[in-house]
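Start from the sequences, fold in the hints, and give me the full structure.
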Amino acid sequence: MKKTYINGVGCISTQKTFDTVFLEDAVYNQNDNILSVVSPVYKDFIAPAAARRMAKGVKNGIVASALAMKDAQAENVDAIITGTGLGCIEDSEKFLKNILDNNEEFLTPTAFIQSTHNTVGAQIALTMQCKGYNFTYVNGVVSFESALLDAKMQLEENEASSILVGGVDENGDYTMELFKLAQRVKQESEQPFHLLTPKTIGAVHGEGASFFVLENEKKDTTYAEILDVEIINTLQENEIETHITAFLKSNGLQVSDVDAIVLGFNGDVKFDSYYRTLSENTFSDTPQLYYKHLCGEYDTASAFGLWMASKVIKLQEIPEIVKVNSVKRTAYNTVVLYNQLSGKNHSFTLLSK
Amino acid sequence: MEALKLELKNKIITTLNLEDIAVEDIADTDALFGDGLGLDSIDALELIVILDKDYGIKLVDPKEGKTIFQSIESMAAYISANRTK
Amino acid sequence: MKGVAITGMGIISSIGNSVEENLDSLLHENRAITRVQNITTIHADINKVGEIKKTNPELIAELDLPADNNFSRTAMIGTFAAKQAVENAGITAINEFRTGLISATSVGGMDMTEKYYYDYFEKPELVKYISCHDGGDVADKIASELGLKGMVTTISTACSSAANSIMLGARLIKSGKLDRVIVGGADALAKFTINGFKTLMILSDDYNQPFDNNRKGLNLGEAAAYLVLESDEIVKKQNKKVLARVSGYGNANDAFHQTASSENGDGAYLAMKKAFEVSGLKPSEIDYINVHGTATPNNDLSEGRAILRIYGEEKVPDFSSTKPFTGHTLAAAAAIEAVYSVLAIQNNVVYPNMNFKTPMEEFDLQPQTSLKNKNIDHVLSNSFGFGGNCSTLIFSKSE
Numbered sequence: 001m002k003k004t005y006i007n008g009v010g011c012i013s014t015q016k017t018f019d020t021v022f023l024e025d026a027v028y029n030q031n032d033n034i035l036s037v038v039s040p041v042y043k044d045f046i047a048p049a050a051a052r053r054m055a056k057g058v059k060n061g062i063v064a065s066a067l068a069m070k071d072a073q074a075e076n077v078d079a080i081i082t083g084t085g086l087g088c089i090e091d092s093e094k095f096l097k098n099i100l101d102n103n104e105e106f107l108t109p110t111a112f113i114q115s116t117h118n119t120v121g122a123q124i125a126l127t128m129q130c131k132g133y134n135f136t137y138v139n140g141v142v143s144f145e146s147a148l149l150d151a152k153m154q155l156e157e158n159e160a161s162s163i164l165v166g167g168v169d170e171n172g173d174y175t176m177e178l179f180k181l182a183q184r185v186k187q188e189s190e191q192p193f194h195l196l197t198p199k200t201i202g203a204v205h206g207e208g209a210s211f212f213v214l215e216n217e218k219k220d221t222t223y224a225e226i227l228d229v230e231i232i233n234t235l236q237e238n239e240i241e242t243h244i245t246a247f248l249k250s251n252g253l254q255v256s257d258v259d260a261i262v263l264g265f266n267g268d269v270k271f272d273s274y275y276r277t278l279s280e281n282t283f284s285d286t287p288q289l290y291y292k293h294l295c296g297e298y299d300t301a302s303a304f305g306l307w308m309a310s311k312v313i314k315l316q317e318i319p320e321i322v323k324v325n326s327v328k329r330t331a332y333n334t335v336v337l338y339n340q341l342s343g344k345n346h347s348f349t350l351l352s353k
Numbered sequence: 001m002e003a004l005k006l007e008l009k010n011k012i013i014t015t016l017n018l019e020d021i022a023v024e025d026i027a028d029t030d031a032l033f034g035d036g037l038g039l040d041s042i043d044a045l046e047l048i049v050i051l052d053k054d055y056g057i058k059l060v061d062p063k064e065g066k067t068i069f070q071s072i073e074s075m076a077a078y079i080s081a082n083r084t085k
Numbered sequence: 001m002k003g004v005a006i007t008g009m010g011i012i013s014s015i016g017n018s019v020e021e022n023l024d025s026l027l028h029e030n031r032a033i034t035r036v037q038n039i040t041t042i043h044a045d046i047n048k049v050g051e052i053k054k055t056n057p058e059l060i061a062e063l064d065l066p067a068d069n070n071f072s073r074t075a076m077i078g079t080f081a082a083k084q085a086v087e088n089a090g091i092t093a094i095n096e097f098r099t100g101l102i103s104a105t106s107v108g109g110m111d112m113t114e115k116y117y118y119d120y121f122e123k124p125e126l127v128k129y130i131s132c133h134d135g136g137d138v139a140d141k142i143a144s145e146l147g148l149k150g151m152v153t154t155i156s157t158a159c160s161s162a163a164n165s166i167m168l169g170a171r172l173i174k175s176g177k178l179d180r181v182i183v184g185g186a187d188a189l190a191k192f193t194i195n196g197f198k199t200l201m202i203l204s205d206d207y208n209q210p211f212d213n214n215r216k217g218l219n220l221g222e223a224a225a226y227l228v229l230e231s232d233e234i235v236k237k238q239n240k241k242v243l244a245r246v247s248g249y250g251n252a253n254d255a256f257h258q259t260a261s262s263e264n265g266d267g268a269y270l271a272m273k274k275a276f277e278v279s280g281l282k283p284s285e286i287d288y289i290n291v292h293g294t295a296t297p298n299n300d301l302s303e304g305r306a307i308l309r310i311y312g313e314e315k316v317p318d319f320s321s322t323k324p325f326t327g328h329t330l331a332a333a334a335a336i337e338a339v340y341s342v343l344a345i346q347n348n349v350v351y352p353n354m355n356f357k358t359p360m361e362e363f364d365l366q367p368q369t370s371l372k373n374k375n376i377d378h379v380l381s382n383s384f385g386f387g388g389n390c391s392t393l394i395f396s397k398s399e
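Residue numbers (full-length UniProt numbering), protein chains in the order written: chain A, 1 to 353; chain B, 1 to 85; chain C, 1 to 399.
No wet-lab data here; the hints were simulated from the structure. Watch out, some of these pointers could steer you wrong.
[Stated by the list, open to error] No farther apart than 25 Å at their CA atoms in a straight line, the calculated lysine-lysine pairs in the DSS-like style are these:
hint, chain 1, residue 1, chain 2, residue 2
1, C, K177, A, K344
2, A, K3, A, K219
3, A, K94, B, K58
[To be verified] Non-contacting residues of chain B with respect to chain C, defined by C-beta distances greater than 12 Å in every case (computed):
hint, residue
4, N10
5, K11
6, A27
7, G34
8, S41
9, S80
By construction, the Cβ of each residue, glycine as well, lies at the ideal position given by its N, Cα and C atoms.
Below, the structure written as structure tokens:
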């Protein structure tokens, strides 16, 4: 069975992550409940004629994937697999509002086409002229991990030797208002937001696109090897410790072998207890990292988490701004990531140097 | 007719997000599709909605657009002859 | 190549609320395309659709959902079909083996979003429906109704979605990652999709006519179907009846245009080619092709050309589109057509391609227009979607 290596990364996020080394310019914004991407210069990557109909998510996906390809020194890939929770939600909003406001008259197709969830993966394929396998996963916060798992299976079985995998989501104004109403997004009045010491439910929301070139050969550009990815729909809080221990064990590892754990803390007082249990018990002697205070919570925020973990392993450095505790290790060779939202859609990703 | 042509050019630029194109860049006889302005089938559908919404002309078959949307000139001529608003 | 065992199926579509009812309609040419009845739309009289003849309150009652439920129609029909499939497979303890659910949808709970979009701020009792918009909401609800705790995910690649969920399920079993996977898709009709397809001008105002020279476009439909795939170990251990096997699958991207298929059907050709490679079958071994056949001018031409490229000098097997029966059910299409493919194998029939009159002028391809009884060992089923997404599945009789 072949192995899976992360050989290139590209990240567009609410931080400056596209022409920086590693979060040296990162800012912890505690005043806004919705964070927006720091945009790259799109024209450097996409011809204006092609960009004119592209949604924000499509543009960010194309740029992030171009960065990942360049980083991996790859010319083409065998497959493209994308994860997105809501797709290009701005165009969905636009088309739906046009339907409702104009009583179904004078509608144009562009917004409808962009609203289709697989539009990002499709446009990347179109841009790269990649005729290979092209899947899009849309299952909340395991959308990206589904893509990762799929890619890993193909690389292991040698059905493909290089795959572009990414997670992308965008904010839409009306959807954000609905999320506030549904208490998925915190209210403005609750600021300043302290992610690790929350008092309210919901999260600060964000958006972004993180893409990775995965290959089954190790090369100079390699960041890390992906040892395992697991997705579980339902876990009780009291099952989480046993579960993650079993996950490590199935990979021949113990808790003490883990050099760092990346936790998806999002500041939701109701469900951060899943992370807290691990933080305060099983992994209390392990360096702990968090990231959603930088990128915000969104369905594919965990792709930002993987981007961060990849960098930690490659650079052997943990930026102060992402540390949950002060535990240190001499080397960061084995990193595990855990994420969930509202106690559902749990994912575990295991990386090694 | 000249006013209508100018109006159409402006509409096409705004509706189709042709950011880098100015009214002066489009000659009345330039091909809108293919080698000319480079519009495609999705743009054609957008133009069909302009005909409907702004000039009260309903096209049923997208193929009809082929001759109408050849150039600004052909579009203006068709609209002048068939407009209901 | 033995393929992955299918041990259960469940379906709800405009032509029936069970596998048996669907088969009966297919065998007796019971068409179900009508004017729009369940949705308020200005296009109700001009656009014909394949609607499921059950209202939301009826579905809620049949599913025994609590009064304060927040199921979208898509989640209701999805749960309806998935429950049938699990029951049909004789599963009593869902988490007994490593069991997953791979669902597919294009617009998920859009039916609720579009109904309540502007009312959410005024009516607190509707706020519970906001989360229905999430692409994974349907799968989450089905998993919860089935009591399934393991791997759950959703694929959305427009009209090929369910083919891809079946493909992933088969691969998860083949690789040994899971022992049992419930695969399929669900899409309820929505004003959003009716209007979306209308802007693309590919809706017919008449009954859809796949592969006919005078075809005018598609009719939309709504449906849900799920299949249970199980490992050979479970089949052996529990002495399960195998309905048929998923023997081949392939996905490729046309990389040509956002919505249109390329003239020569590159993506479709590559998808079929891959499926043959996986199955180890030769094109001549296929007894029936359930074509995507949406009846849009573009799809049928592109698909026909791709089929001709696959077959070259050889004779193209009997083929038909079942979309004149059900309409195009988008993300569910490949799932209901998977059920129809299995039924074709079990009953040794080729379904008629209804509404066909005139052969296309571009090539010499004519669908099977009447019910045909013959031995069927292998069925190839195509499903293509926006974004150039092309998928092919091959189903085979279990030895």
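Going through the hints against the structure:
1. Distance restraint check for K177 (chain C) and K344 (chain A): the Cα-Cα separation of roughly 21 Å lies within the 25 Å cut-off, and the hinted pair is therefore satisfied.
2. With a C-alpha separation of about 12 Å, the suggested pairing of K3 (chain A) with K219 (chain A) holds against the 25 Å cut-off.
3. For a cut-off of 25 Å, the pair hint linking K94 (chain A) to K58 (chain B) stands: about 23 Å separates their Cα positions.
4. With a cut of 12 Å on Cβ distances, N10 (chain B) stays outside the contact zone with chain C, its closest approach being about 22 Å.
5. No beta-carbon of chain C is positioned within 12 Å of the beta-carbon of K11 (chain B); the least distance is around 18 Å.
6. The claim that A27 (chain B) lies off the interface holds: its Cβ sits roughly 27 Å from the closest Cβ of chain C, which is beyond the 12 Å cut-off.
7. With a least CB separation of 14 Å from chain C, G34 (chain B) remains clear of the 12 Å interface cut-off, as annotated.
8. Taking the minimum C-beta to C-beta distance to chain C, about 6 Å, the non-interface status of S41 (chain B) is violated against the 12 Å cut.
9. Distance check on S80 (chain B): its Cβ is at least 24 Å (rounded) from any Cβ of chain C, clearing the 12 Å threshold; non-interface status holds.
Against the hints set out earlier in the document, a violation occurs for number 8 only.
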